[in-house]
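Number of protein chains: 2
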Amino acid sequence: PADRDGPESESENILAGFKTPNVLSDSAREKIIFIHGKIADQDAVVILEKTPIREDTLPELFSCSSLRLETRNDIYGSYRLQAPPHLNEIKTTVIYPATEKHVKKYQRQENFLVEETGEDYESITLPYIQQQSLSLQWVYNILDKKAEADRVVYEDPDPKLGFVLLPDLKWNQKQVDDLYLIAVAHQRDVRSLRDLTSEHLPLLQNIFQKGKEAILQRYNLPSSKLRVYLHYQPSYYHLHVHFTKLGYEAPGCGVERAHLLSDVIQNLQANPQFYKTRTMYFPLRADDGLLDRFREAGRM
Amino acid sequence: PADRDGPESESENILAGFKTPNVLSDSAREKIIFIHGKIADQDAVVILEKTPIREDTLPELFSCSSLRLETRNDIYGSYRLQAPPHLNEIKTTVIYPATEKHVKKYQRQENFLVEETGEDYESITLPYIQQQSLSLQWVYNILDKKAEADRVVYEDPDPKLGFVLLPDLKWNQKQVDDLYLIAVAHQRDVRSLRDLTSEHLPLLQNIFQKGKEAILQRYNLPSSKLRVYLHYQPSYYHLHVHFTKLGYEAPGCGVERAHLLSDVIQNLQANPQFYKTRTMYFPLRADDGLLDRFREAGRM
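Protein sequence lines, in the order shown, are assigned to chains A and B. Following my numbering, the numbering of the first sequence begins with 908 at its first residue and continues without gaps. Following my numbering, the numbering of the second sequence begins with 908 at its first residue and continues without gaps.
Okay, chain A solo, but in the shape it has when bound (with noise of 0.2 Å):
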């Protein structure tokens, strides 16, 4: 049946097609590869990552797999285990055609952290962002339900205080303990956390209550293992919340770049201008333009 066959023959070729492979970046410690290649001619950017072991897995992992010892010491035994491959899944991301940003966001960098005055935001980061225009396509996609619209764990269509709750990409969703989603507000003129005031207080808290209740119907997880936050600087600039489980380390959770959604409140709770005029710090990739207009503002 080739119609059924159709989108796992396709999504074979593509690897089996992908060429020249370098490596951008890997990490030993969390079992990904960052990898650029082509396809057909055309740029693509390909993520391997090993999925987390799974408890209800276990049972059938320890019978079914065959182990070879390395070395035994007393009562330690270090062994390698081969597991069946549908116990033992890698996800891959796959994007293509790849455009040079792409390449570049995978691409190992070092951080530099810059310190941004709300004059800062205004004279160097506000018009790179805006020269950038960066394609938030795929972000209406998502809120017009053009794509994704499966992936959709709660919904608010509110206009002014809505969003759309959706697993992040980085989640396989098979277990809570890397949970990971993004609420995106329908909403669409505030960039980032320098564009909020405490006009948009009803949205952030909205975002936060009805988020929170949405992951503890939908996982079953409550408000005490959330972290939620948002970043500074965002990856894309549409006004987005991470929800990620508390104890799992996620990517981006760090200080430095990680505004808890109750601080945020907070802060502009006491002071609507907050986020105007506060100095803050973030990191920068080596590689970033955005460093590039710091450095010659004399600001690094």
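Do not take every clue at face value.
What the hints assert, rightly or not - Covered stretches of chain A, going by a simulated chain B footprint (3 or more residues, C-beta under 8 Å): (1) 970-979; (2) 1030-1040; (3) 1050-1061; (4) 1088-1098; (5) 1107-1115; (6) 1136-1146.
Bear in mind the hints are in silico, worked out from the structure with no lab data behind them. Glycine included, C-beta positions come from ideal geometry on N, C-alpha and C.
Assemble the complex: chain A is given as a structure, and chain B must be docked to it using the hints.
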């Protein structure tokens, strides 16, 4: 040839005979799981960890695996890849027979996010800290040069504004990639963030400035490569500041526990009583006595 098959047969048996498995802890990010169970009626701990993805296996991985499309949006495709088992091994450690200490060592404690208002601090947290009255003798030994004197990287001896800077015990000092130093204030009456007011600004600014200078001098690392922060709750109630390398995901640098020193300074400049009134969020382990107090007070 039974003698040659010996080790492998034995090792196959060992996990097939692993009974009543119970997950002690796991990390979805690191793809590792720690399991307690029984082998032949004796306690055993099994550790499974997926192996890093090796660059030299990529061509075979791409050509010999099967792929299944999960979802596609615009240029982004997400797949599940099933690899040949020999390219996707799981490192397996068996501790057998294991003692109770082994089991405890790998037992994870769940974390819960606590919300602490200024009043909660006064009525719940502060009385608990005072009642615990954990010894700070080891801190005073450092400040008085009765211990670890040879480890001191820098000292400002001023009793009001001064501090001792030394490597954290987690850092082996072999490479700066995971640089981790601690500045311990000479002043003995600041338990935590909650005790800070604007009168401590000179102390905080002194630690920030001279700490960064000392690290530049000794390790040739400029301040743009540093993450400088306090913990709340701290692990001991004597004012200390963490200096870690930006890009190194140090334990405890997550937004739920870390507070950038530069933010602390800004907060106190804007409001001298900021940390008396602010609602703070922090994780507590399930076995932390303070969590019980929040529960008893109906705050969880």
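Verification of the supplied hints:
With a cut-off of 8 Å between beta carbons, the segment 970-979 of chain A has 6 residues touching chain B; three or more are needed, and the interface restraint holds. For the segment 1030-1040 of chain A, the assignment as covered by chain B is violated, since 0 residues bring a beta-carbon within under 8 Å of that chain's beta-carbons and 3 are needed. Against chain B, the segment 1050-1061 of chain A contributes 4 residues with a C-beta closer than 8 Å to a partner C-beta. That satisfies the three-residue criterion, and the hint holds. Counting residues of the segment 1088-1098 of chain A whose beta carbon lies closer than 8 Å to any beta carbon of chain B gives 0, which falls below the threshold of three, so the coverage claim is violated.
Using a Cβ-Cβ cut-off of 8 Å, 0 residues of the segment 1107-1115 of chain A lie near chain B, which falls short of the minimum of three, so the contact claim is violated. For the segment 1136-1146 of chain A, the proposed coverage by chain B is not satisfied: 1 residues have a C-beta within less than 8 Å of a C-beta in that chain, short of the threshold of three.
Going through the hint list in order, the structure does not satisfy hints 2, 4, 5 and 6.
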